[in-house]
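Novice: Sequence:
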Amino acid sequence: MDQQATDILVASQAALRQASALMVQYSFSIVGAILLLIVGWIAAMLLQRWSFEGLSRIRGFDETLARFFSGAVRYIVLILVLVMVLGQFGVQTASILAALGAAGLAVGLALQGTLQNIAAGIMLLVLRPFRVGEYIETSAVTGTVVEIGLFATELKTSDGLYRLAPNSTLWNVPITNYSRFPTRRHELSVTVPKGESLKETQDMLLDIARSDSRVLLDPAPTTFIDTVTNDSATLTLRYWARSENFFVTTRAVTKSLKLAFDERDAQISEQPAQ
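For the sequence shown, full-length UniProt numbering assigns the number 1 to the initial residue and increments by one for each residue that follows.
Don't read these hints as lab results, they were simulated from the structure.
Any given hint might turn out to be false.
If you anchor each label on the Cβ, the simulated ranges turn out as follows [said to hold, decoys possible]: (1) Ile34 to Val146: 45 to 51 angstroms; (2) Arg180 to Arg251: 20 to 26 angstroms; (3) Ser256 to Leu198: 17 to 23 angstroms.
Below, a list of computed lysine-lysine pairs in the DSS-like style, where the Cα atoms sit at most 30 angstroms apart [unchecked claim]: (4) Lys258 to Lys194; (5) Lys156 to Lys199; (6) Lys156 to Lys194; (7) Lys255 to Lys156; (8) Lys199 to Lys255.
Every value quoted in this text rests on a predicted model; they were computed, and no experiment measured them.
Beta carbons: idealized from backbone N, C-alpha and C, even for Gly.
Model the full structure from these sequences, guided by the hints.
Specialist: Pasting the structure below:
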């Protein structure tokens, strides 16, 4: 009985010594891990701020894109710090990195459509085929750009409706930007019957265009004979206007032409805007 008690006492003392050794060993690891977490957290925040400020100084670099890349830098640093902390406790970091890679691949496959929108959003923000406030048209959507995000682009249609377009639908498709260039050209055609003076009609067309202050004088309005038949000739008026005044100007000039030809045997046709 005494021998059994002695064995238990010896085993308890050995266990206590081993526990004390482990506590001493892991106490340093715990302190080191805490310090590493604190330093890593501060470093991640500083690197995020510095990268955002640096990218923001680049002329034309979009703020949304700068926030995305700076946030990515922060999370990459935090992941590396976490792996280093686990290494403090003897965990095999190689297996952790392999698991993270496999998890990232699985998430990428599951979010394939979302990642396509993110990639398209980055390309749209970098190449800038359109900006906020510009009126665009594609085979899928038409409207004024309200906001360009990493996942989708918000637009407002001409009749005041809200439209959300995934970025993947705006990338790799032809885009017509009606607001990118400061000026646009417009054409109106007039059919003049046989016997009418083409010279007088041309002068009238030019006077009507020049009388509207929104019609640009450089390049100057021009007229030319487009087609000729046995019974009539078609005259075309070509003029330029600023993009922001384009639709108002074309409607006003068309109305003026209609009023001027109300008492004449002439037909007015509007050509597609170019």
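Novice: All hints, please: hold or fail.
Specialist: Right, here's what the structure says about each hint:
1. As the Cβ distance of Ile34 to Val146 is approximately 46 angstroms, the hint placing it in 45 to 51 angstroms holds.
2. Range check, Arg180 to Arg251: about 22 angstroms between beta-carbon atoms, so the 20 to 26 angstroms window is met.
3. A hinted range of 17 to 23 angstroms holds for the C-beta pair Ser256 and Leu198, which are about 19 angstroms apart.
4. Taken as a hint, the Lys258 and Lys194 pair is honoured in the structure, with Cα atoms around 19 angstroms apart against an allowance of 30 angstroms.
5. About 45 angstroms separates the Cα atoms of Lys156 and Lys199, which puts this hinted pair outside 30 angstroms; it is violated.
6. Straight-line distance between C-alpha atoms of Lys156 and Lys194 comes to about 47 angstroms, which puts the hinted pair past the 30 angstroms bound.
7. Note on Lys255 and Lys156: the hinted pairing holds, with a Cα-Cα distance of about 28 angstroms set against a maximum of 30 angstroms.
8. A distance of roughly 21 angstroms separates the Cα atoms of Lys199 and Lys255; the hinted pair therefore holds under the 30 angstroms criterion.
Hint violations for this structure: numbers 5, 6, all remaining hints satisfied.
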